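Position in the sequence shown counted from 1, then plus 248, gives you the numbering used here.
Hints listed in this document are in silico derivations from the structure and should not be mistaken for laboratory results.
Fair warning: this is a prediction, and the values are worked out from it, not measured in the lab.
A few of these clues could be false.
To be verified - Straight line, CA to CA, 25 Å or less: simulated BS3-like cross-link-like pairs of lysine-lysine:
1) Lys669 - Lys699
2) Lys699 - Lys417
3) Lys417 - Lys593
4) Lys593 - Lys368
5) Lys623 - Lys328
6) Lys623 - Lys601
7) Lys417 - Lys623
8) Lys601 - Lys328
Unchecked claim - Pairwise CB distance ranges, derived in the manner of DEER restraints:
9) Val298 - Glu559: 53 to 61 Å
10) Glu461 - Asp419: 47 to 55 Å
11) Ala557 - Tyr465: 16 to 24 Å
12) Glu607 - Val650: 28 to 36 Å
13) Asp398 - Asn470: 54 to 62 Å
14) Gly353 - Asn470: 26 to 34 Å
15) Asp335 - Asp419: 50 to 58 Å
16) Ala308 - Asp398: 27 to 35 Å
Every residue gets a Cβ at the ideal spot worked out from N, C-alpha and C, and that includes glycine.
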Amino acid sequence: MPIPRSPRRGHAGRLATGLTRRQVLTAGAVTATVPLLAGCFGGGAGSDTVYEQPSGDVPAEFQDRQRVVLWSNWTSNNAKVLQENIDAFHEAQSDIFCEIQIFEGYDNVEAKLAASLQAKQVPDISVLSDVVWNRFYLNDALEPLTGYFDDSFGTDSFHERFLAEGTVKDDIFWLPFGRSTPLFYYNRDIFAEVGLPDRAPETYEEYREWAKELKGYSSGGNDVAMRAYTGADDWYFQGSSWAFGGGYSDGLDMLLTSEATVAALEFDRAFIHDDGAGYLSSDPSGDFVAGSAATVLESTGSLRGILDAAEFEVGCGFLPTQQTTGVPTGGGGVSIFRYASDERKQAAWEVIKFLSTGEPSVRWTLGTGYMPTTKAALESAEVQQRAEENPNFRVAIDQLDVARGPDVVRRYVPECVPEAKTVIQAVYSGGADPEPTLATMQANLEPAVEKIRPLYEQRVGS
Numbered sequence: 249m250p251i252p253r254s255p256r257r258g259h260a261g262r263l264a265t266g267l268t269r270r271q272v273l274t275a276g277a278v279t280a281t282v283p284l285l286a287g288c289f290g291g292g293a294g295s296d297t298v299y300e301q302p303s304g305d306v307p308a309e310f311q312d313r314q315r316v317v318l319w320s321n322w323t324s325n326n327a328k329v330l331q332e333n334i335d336a337f338h339e340a341q342s343d344i345f346c347e348i349q350i351f352e353g354y355d356n357v358e359a360k361l362a363a364s365l366q367a368k369q370v371p372d373i374s375v376l377s378d379v380v381w382n383r384f385y386l387n388d389a390l391e392p393l394t395g396y397f398d399d400s401f402g403t404d405s406f407h408e409r410f411l412a413e414g415t416v417k418d419d420i421f422w423l424p425f426g427r428s429t430p431l432f433y434y435n436r437d438i439f440a441e442v443g444l445p446d447r448a449p450e451t452y453e454e455y456r457e458w459a460k461e462l463k464g465y466s467s468g469g470n471d472v473a474m475r476a477y478t479g480a481d482d483w484y485f486q487g488s489s490w491a492f493g494g495g496y497s498d499g500l501d502m503l504l505t506s507e508a509t510v511a512a513l514e515f516d517r518a519f520i521h522d523d524g525a526g527y528l529s530s531d532p533s534g535d536f537v538a539g540s541a542a543t544v545l546e547s548t549g550s551l552r553g554i555l556d557a558a559e560f561e562v563g564c565g566f567l568p569t570q571q572t573t574g575v576p577t578g579g580g581g582v583s584i585f586r587y588a589s590d591e592r593k594q595a596a597w598e599v600i601k602f603l604s605t606g607e608p609s610v611r612w613t614l615g616t617g618y619m620p621t622t623k624a625a626l627e628s629a630e631v632q633q634r635a636e637e638n639p640n641f642r643v644a645i646d647q648l649d650v651a652r653g654p655d656v657v658r659r660y661v662p663e664c665v666p667e668a669k670t671v672i673q674a675v676y677s678g679g680a681d682p683e684p685t686l687a688t689m690q691a692n693l694e695p696a697v698e699k700i701r702p703l704y705e706q707r708v709g710s
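All chains should be built: construct the whole structure from the sequences, respecting the hints.
Written out as structure tokens, the structure reads:
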């Protein structure tokens, strides 16, 4: 039986006028800021509350289908692959139409969702990053998904580690989709010319020693640095803080001023400012591809693009260790919003099920470079062949065994990531002393942590 098609109603908060489903929406008009997620919507509404869909375009051939709105952060190649899978979904059945609306970057999706929830409208599905979905869960905006699984598509379809990251109190609220970890990328040609081993360094201290051996090496008349750093993402520092034995937090108890966390950031300060082995870049992967930096720590999701762009042999390895391993998972997943109607939720589930099974899941993995999150994709002949042909792709899969999700404060406290970026940039660009800088960050975050603590202990557990 066809799924009933819900009526589309106009509203004052409509997203755009005259958009096609392939057009990218901008977030320029979004006035919401990230801290809006700290309790300004959600909990007071009943479970039977229904919000309107965002407006958009439905092509004439799909007018009689149930409309599903999917908000995505992906542009360029990844957007193309996602749309190809949605086009295949439209051909595979005749009841549901899925319209992708794009807001470039996870931050823009988050800000638009915060504003839209206050305006009492929601997409049916949204891509949410690993440090964003938890906040919508905390505010009771996400649909529990465990009950949607059946014998044809069970919870065992997903990689256990990724599925566990979207599970709270034995219910699933966020399904893995575009997941990744950072990899250690290195220029094999440069390493060979300098006499460095053809592998990633085992420890951060070994990395620093190798950087000293590279010092003075030039290519095309330009000095080559060991590493191009990014100050725009604290994801990598999350991993190195673990490697040195520290972290952002243990539950809601912060660890930013611990000796180990300070040591991790001091390593980066010394690497850049004492050794002259690294520098702050606006485009680290671009600098790596251009040969300006011999190494870069970059997402597994960048693997395909780097391999295609580089005119040299690229090597990949696990991230260095120090006291222990430090590999953070990252990337995005998908959630359904609890304020969609039952018909929209069920139709949204059918979209997610299609994207996560069979050929679409393989096409997404191979087409984007993101890690296979379903067992079917991981075990498929195509993915296994890619891993055999390209050892770098195998590294990304194998490293997942030592990866872990972000610390609680980084996930649940909206102010954490902006504060961390400020600290990292101060150390990377200005050589600020890590100890007082991290102490300031911790002091700045303490009120925000205490603000969410009661709700966190209620919804997640102490």
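Pairwise hint evaluation, Lys699 against Lys669, where the allowed Cα distance is 25 Å at most: OK: Lys669 and Lys699 at ~21 Å, within 25 Å.
Given pair status - Lys623, Lys417, alpha carbons within 25 Å: holds (23 Å)
Restraint check for Lys699 with Lys417, where alpha carbons must lie at most 25 Å apart: holds (21 Å)
Given hint Lys328 paired with Lys623 - CA-CA distance at most 25 Å: It holds: about 24 Å lies between the C-alpha atoms, which stays within 25 Å.
Status of the given 50 to 58 Å range, CB of Asp419 versus CB of Asp335: Violated, since Asp335 and Asp419 (Cβ atoms, about 32 Å apart) do not stay within the stated range.
Range hint 26 to 34 Å (beta carbons of Gly353 and Asn470) holds or violated: With a Cβ separation near 31 Å, Gly353 and Asn470 satisfy 26 to 34 Å, so the hint holds.
Tyr465 and Ala557 - C-beta distance against the hinted 16 to 24 Å: holds (21 Å)
Ala308 paired with Asp398, Cβ distance criterion 27 to 35 Å: Between Ala308 and Asp398, where Cβ atoms are some 33 Å apart, the hint holds.
Beta-carbon spacing of Glu461 to Asp419 - inside the hinted bounds 47 to 55 Å or not: holds (52 Å)
Glu607 versus Val650 beta-carbon gap, inside 28 to 36 Å or not: holds (30 Å)
25 Å Cα cutoff - pair Lys593, Lys368: holds (16 Å)
Pair hint Lys623 and Lys601, alpha-carbon separation not exceeding 25 Å: With a Cα-Cα distance of about 14 Å, the restraint between Lys623 and Lys601 holds, given a limit of 25 Å.
Comparing the model with each earlier hint shows a violation of hint 15 alone; every other hint is respected.
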